[in-house]
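Chains as they are written, first to last, in this note's numbering: chain A, 2 to 446; chain B, 2 to 446; chain C, 41 to 462; chain D, 41 to 462.
Worth flagging that the hints you see were computed from the coordinates, not collected in a lab. Mixed in with the good hints, there may be bad ones.
[What the hints assert, rightly or not] Here chain B is said to cover these stretches of chain C; the calculated rule only asks that three of the stretch's residues, wherever they fall, bring their Cβ under 8 Å from a Cβ of chain B: (1) 80 to 93; (2) 339 to 347.
[As the list claims (entries may be wrong)] Here are some chain A residues the structure puts well away from chain C; computed CB gaps all over 12 Å: (3) L70; (4) E102; (5) K151; (6) N201; (7) Q209; (8) N254; (9) H286; (10) H362; (11) K403.
In this text, a Cβ means the ideal position worked out from N, Cα and C, and glycines have one as well.
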Amino acid sequence: MPFIPHTHADTESMLTTLGIESINDLFDEIPADIQCDGLPDLRDGISEMAMQRHMSEKAHIDETGICFLGAGCYDHYIPAAVWDLTSRGEFLTAYTPYQAEASQGTLQLVYEFQTMLASLTAMDVANASVYDGASALAEAILMAVRINRKSKSRRVMVPSTLHPTYLATVESIVSHQGISVESLPAEDGVTPMLKAKLDNAVAVVLQQPNFFGLLEDADTLTEHAHAAGALVIGVVNPMTLALLKPPGEWGDNGADIVCGDGQPLGIPMASGGPSFGFLCTRMAHVRQLPGRIAGRTQDKDGNDGFVLTLQAREQHIRRAKATSNICTNQGLLVTAATIYMTLLGRQGLKEVATACVRNTHQLVDRLTTLPNIEKRFTGHYFHECVLDFPESTVELQQRMLKQGILAGHPMTGMFDEGDRAMLVCATEARTAQDIESYVQALADG
Amino acid sequence: MPFIPHTHADTESMLTTLGIESINDLFDEIPADIQCDGLPDLRDGISEMAMQRHMSEKAHIDETGICFLGAGCYDHYIPAAVWDLTSRGEFLTAYTPYQAEASQGTLQLVYEFQTMLASLTAMDVANASVYDGASALAEAILMAVRINRKSKSRRVMVPSTLHPTYLATVESIVSHQGISVESLPAEDGVTPMLKAKLDNAVAVVLQQPNFFGLLEDADTLTEHAHAAGALVIGVVNPMTLALLKPPGEWGDNGADIVCGDGQPLGIPMASGGPSFGFLCTRMAHVRQLPGRIAGRTQDKDGNDGFVLTLQAREQHIRRAKATSNICTNQGLLVTAATIYMTLLGRQGLKEVATACVRNTHQLVDRLTTLPNIEKRFTGHYFHECVLDFPESTVELQQRMLKQGILAGHPMTGMFDEGDRAMLVCATEARTAQDIESYVQALADG
Amino acid sequence: MADTIFDKSRPNRRATAQRVDDDAVEGLLPRNQLRGSPPLLPEVSELQAVRHFTNLARKNFSIDTHFYPLGSCTMKYNPRGVHRAAMQDGFLKRHPLTPSSHSQGVLGCLYELQEILQDVTGTSEVCLAPMAGAQGELTGALMIKAYHADHNDDERDEIIVPTAAHGTNPATASMAGLIAKEVEVDSEGDVDLDSLKRVVGRKTAGVMLTNPSTCAVFERRIQAISDIVHDAGGLLYYDGANLNAILGRARPGDMQFDVLHLNLHKTFATPHGGGGPGAGPVGANERLAPYLPTPMVMKSDQGYQWLEQTERPKSIGRLSAFMGNVGILLRAYAYSLMLGGNGLCRVSEYATLNANYLMKRLSDAGFHPAYPDRRATHEFAISLRREAKETGVTAMDFAKRLLDYGFHAPTTYFPLLIPECF
Amino acid sequence: MADTIFDKSRPNRRATAQRVDDDAVEGLLPRNQLRGSPPLLPEVSELQAVRHFTNLARKNFSIDTHFYPLGSCTMKYNPRGVHRAAMQDGFLKRHPLTPSSHSQGVLGCLYELQEILQDVTGTSEVCLAPMAGAQGELTGALMIKAYHADHNDDERDEIIVPTAAHGTNPATASMAGLIAKEVEVDSEGDVDLDSLKRVVGRKTAGVMLTNPSTCAVFERRIQAISDIVHDAGGLLYYDGANLNAILGRARPGDMQFDVLHLNLHKTFATPHGGGGPGAGPVGANERLAPYLPTPMVMKSDQGYQWLEQTERPKSIGRLSAFMGNVGILLRAYAYSLMLGGNGLCRVSEYATLNANYLMKRLSDAGFHPAYPDRRATHEFAISLRREAKETGVTAMDFAKRLLDYGFHAPTTYFPLLIPECF
Ligand SMILES: Cc1ncc(COP(=O)(O)O)c(C=O)c1O
Ligand SMILES: Cc1ncc(COP(=O)(O)O)c(C=O)c1O
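Bound conformation, chain A alone (with noise of 0.2 Å):
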């Protein structure tokens, strides 16, 4: 019985208290006709040793070489002490902070986090996180339509080149509350300005750097949207503001929302999440944020302390009327974040980056020098690049993992001929010697 401390002496003595034969008296509520007999196609329970040899086994199956594939997920270096102090008991088995006597330590830690997020955006708020990046989208967009009410418009108007799952999540997610998203197309791998397709839409989604990690003319766009009364929800790479500019400046006003996915920040890849979605905007607007926020104030002698504020926005106190039913987030990938963005601080964030950009260029550069590799698109990238191969970049892609390499993300059905391009990345984890093994695998066939 892993984790049940009772003795046999222990249960006959609570037996004894309540006045009854056996444990199966206290379920003569359940009617009989519902009751099952235990679990029997279930095997029974082994070990932590047996537990971990097998989870092990699984564990090895899938080491997979060097990592060029980014697409949303990537392979950065995560200081060790980052999943140290993660993994501290009192920050892992801690519950959620609503009773801020026994929660300091993660209240203060999410208001700085929150302070972080805020600043690296150019926002006023930031949340205390919502699920990923692809539902942060979608509460970005409900929040959207609830700001600009006035705007009377369910049309949200999205580039197709968002990060394709974005979208379907987004699609699953605000399509019952009658909105409509739109999309927007591409020319050369990047939105141009369309002036016209903006007319009556509540929101303008724009993603930068954008699926293919091209730069958006974020500035334009931003104009051109809140021009046409739009508000623009802003899907950034939180890694990639240590050096871009951020959506709070966007154009003359900036963006109105911004959101994204917190992976970047010292999240493991692991096979996609947990990770966490941020969500910030203007303190105009921080009563329509979904998910709980944390904020400084002094207790009756005057010291301080943080709380959960702003709670007559969440489902526990709204109920029907809440700007959204999150309730469990994604706060242990925050703490990781948080320490992630202190270890790096403002300098390091910014080497990262900057690593980021020149070895995606690095390799860009190299590959495209092999006879028939070519870039598919003409604009400035970020660390991610489409390029065009000369065969189906699936069977490409298996064949470099035998060679230990995982080289990128086949662009199957994303636009004409996308079955021979591929999406590369190359993080600052990635040395010139591993830039050096993917040209040679290539070239070795």
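Since chain A is already given, all that's left is putting chains B, C and D with the ligands on it; use the hints.
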């Protein structure tokens, strides 16, 4: 400058406070002719990321497969909680608990450890660790000579069934105090009763189970030694004491000093160190015990607390007259062992020991059904056994490694035809399938 | 003054070991796309960072340090072995878009977890993608909508929730574009059938319940409720928050629920993490299974594979960029291996024993259970109404005072229909 | 009442996840060799264990939580990255007797560490086996003895230590069967040369010194000392406790020391671990290198290999069952890679800057440095004699009061020759 917090401004302002121009000035008391100009032969520092990559490469080279090697270091399963807790900063980075007020955690833990060890060995007191099992035996011998001053002898009898590197360590350390270490011969792998040999010995050492995995007749040997006026020093594997008669109960009065290596108690093999040595004795001899001892006491308000006790034995107080020169010990490993013993508990440790016995017997049974493989000795063995193979076991070892099996410890030089003998071991971590793999690999050649 | 990490920062200080060679990006990125002023990130040494966050951690209560008798939250021990199992490089360093040919390890774990959860809940298919209970609820609500839409039953825009329901239930209804209709609970904690019959009708898309209910008692008339709702053409959603109470005793599928979510961060002991992450897998019976979200894991001759939208035309679609909180799923899987069928059954036995025992001891000490004639399930509610009236000491005061003794307080003031609920 | 783990135990309770199938051993072991009554090991659940030790940890001061201005102990930040690097399965699961053919990873690390330490200390060979400073000292003392014995110089049974020496120095002398002879320190903290000349002679096996000395000042007349001792046929032992102060500035080898130990748990930032483990590698010049203990690591055409006693006939032999504290050595190696030659030099610069700065600030605040006319090295001593005399407040009182403010106190009453030393 990893880990140096100073900014340029910090340094400048500190120099100003000091009224000097540069940090160099602070070294002006070092005579110029012995100053060196930096460390030009060393490479420049690298980042944590680069260090980690390098260390991972090194670590990966050495993964060697399924371990059937014991010989003083054992592949036991370690519950995850052991090192998760041991790695907490407050255990890992605490200093020696000299300031009791700042060290109640470590002191209480050591107190609990001592209680467990004393009970496992059936002795009265245990210390807070020495370096390892081999050096613990050297300390035990020095201690025995101090205790048994009245015997006037400096002859210590050591069985030839003792772990050979324990013997080597003892010889390096104790011979400088005029102690002579003499060998007791073995018969069929165990130490026969040779009363004559014990005459005029200050102490007799007895390893149980011995280096060959065999059970010595500890009761009789203890009686003979005591009858001859010699102290008995038991060298034991603490894990085995969950099943075996503890040294405190050997013969009529039990051993006088008990030592051994704590590695089987939750310490990774880790190339043999760090582990820890333990030392237990009778209360009458406690003042001859080297190393730290934690005790329980009360503060002036009557609250329980823990302190280092009997410090007058130690080098920082007694200097040249101390019981030992030991200062830094193996505290963190004691932490791990204490957590391990707590998690396994009374029943769990017994199950581990039982599984070790059973698995090794299964391995031996399976192997000795193969042609030309035989047990070398006839006695009862615990979880190690010497087998004779039809070929050089050094070569066999290499061959088996190619098949992912670390087959055992070649006994080259240990006795006649030792080059065809091998000491094998199967702990609780070995499955029936592991054992079959061994047999299969042998058969496949 | 609280000492935040920003108070500790100094210009140009840093944790230098975390440096990366930073050749400039001159020319690689256009000037007008670059950031002007640097972000307000901390500037501290590595030791400052380690010490700051170590000391922040020490300010929290947690399961590893304190007893947490929180109702509704299922605060179990979070096994360290499970954490270790999930934190292996082979799992952590796996990119989510690695081809399934090279992902058989993790896919195998997920597939087996799907099967285990099907068994435990009595459903015919399980999707692991939802990232918490509330997302599981949304999934269920959207599946119910999709089912009715698929059957051209377009008027059903109401979902019934008991007054005592958790806040996520009505909030989910709104997010799904449904209208939450409340139904009363009687004085014994069961749903009032008359009240139910009054609200149920041809606009009823479904009902959301948990059983044991949020009143912490077993809903005895579940069969009647299910008949009433099903007869009216509605579907039954099971909120899995309280599954711990009935593991191996009664399965939501056998109670006629059509769709449900589980909270793995409750029943399967994954850590609450100071607020998250969780995982809220959704299971469905044959009727609703086609609408489950994607991706799911299937097993074929080529091994395990992702089942995507294309193969599931009726699926409500994706809920996240990749496959939800895989790391949490792996923990739940490892936990379920350690417990096995026999261990899972014992969980509900001993949770129930503990709750009934504590309720008895508190009753004997003079406190008043909210439903004195009912069994406790894995939890129970006490009403401090009398204490508040007689002494002015409220549930809130009791809660704060417990903190002084080193206990995290129970869930207070939930459900709201129990006065001064503790 | 202290709540020990035994107070929490209950008969037959256990952490069941740690069970092992336990078929009986009937017949495998003789009855009369079996234990009668079970040992007093705790009987608790896994959560009880985790909570107990988590809460014990929380009672400690540590570098990760508090500032530790301890002199002599070199309380650096212990990099988490280094801990992680050493805690990899590839290192942890390696059996010490694995053939060197399959140990090239770890042997390579150790070999390079030997080379780094040779460079840092200016010695010609380094053995990594000693498991702490005191074992390093013993090694050195035994090597000195072995050298004299080898040269048939049998009368040398005295070793000279300054009065201010660390307790391990005289204790080591005794363990090595040598007699510790004390030599005075003058009012400026340097060894008194007259006193030295008086004790030195044909019975002198050697002298044990650290530089900077335990008085926390640099021994300026080190050349003279070395000449006096060497001229008398003695050898010089360097206690590496204070190497942090002179990294890249002055090397013990260049100061004519013949043999030395380093404390990797000081200078190379491996954690103190609440009392240990450490590592005390020993380096020697060409004269003493043949006496170094075994095993050491050598490099040949076949890769890295263990150098054993057989290849080193003059070696003083083994000090441990295997190869000392390899896990600590790996940490020191990883640390030295991160710092590099340039980083190691900066360590002594900034440690010295900090100590001098703090000494100045405390002097300005009215405290009295033990050697007011000397530079601080990486540490300094204050004498609270005046405060104790005038106010009755002793160094011990100051130490305890600092604890109240969340600072671990400095090393007090060491060295003993400085009154009320702080
Ligand atoms: C009854 C009930 N339903 C739903 C939820 C929501 O689950 P989650 O927090 O995982 O979104 C909870 C958890 O707090 C709950 O107690
Ligand atoms: C000057 C000096 N020498 C020797 C030692 C002994 O080192 P260890 O504790 O590693 O045995 C110490 C450490 O305390 C010391 O400060």
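Structure-based check of all given hints:
no.	hint	in the structure
1	80 to 93	holds (count 6)
2	339 to 347	violated (count 0)
3	L70	5 Å, violated
4	E102	5 Å, violated
5	K151	21 Å, holds
6	N201	22 Å, holds
7	Q209	9 Å, violated
8	N254	16 Å, holds
9	H286	18 Å, holds
10	H362	5 Å, violated
11	K403	10 Å, violated
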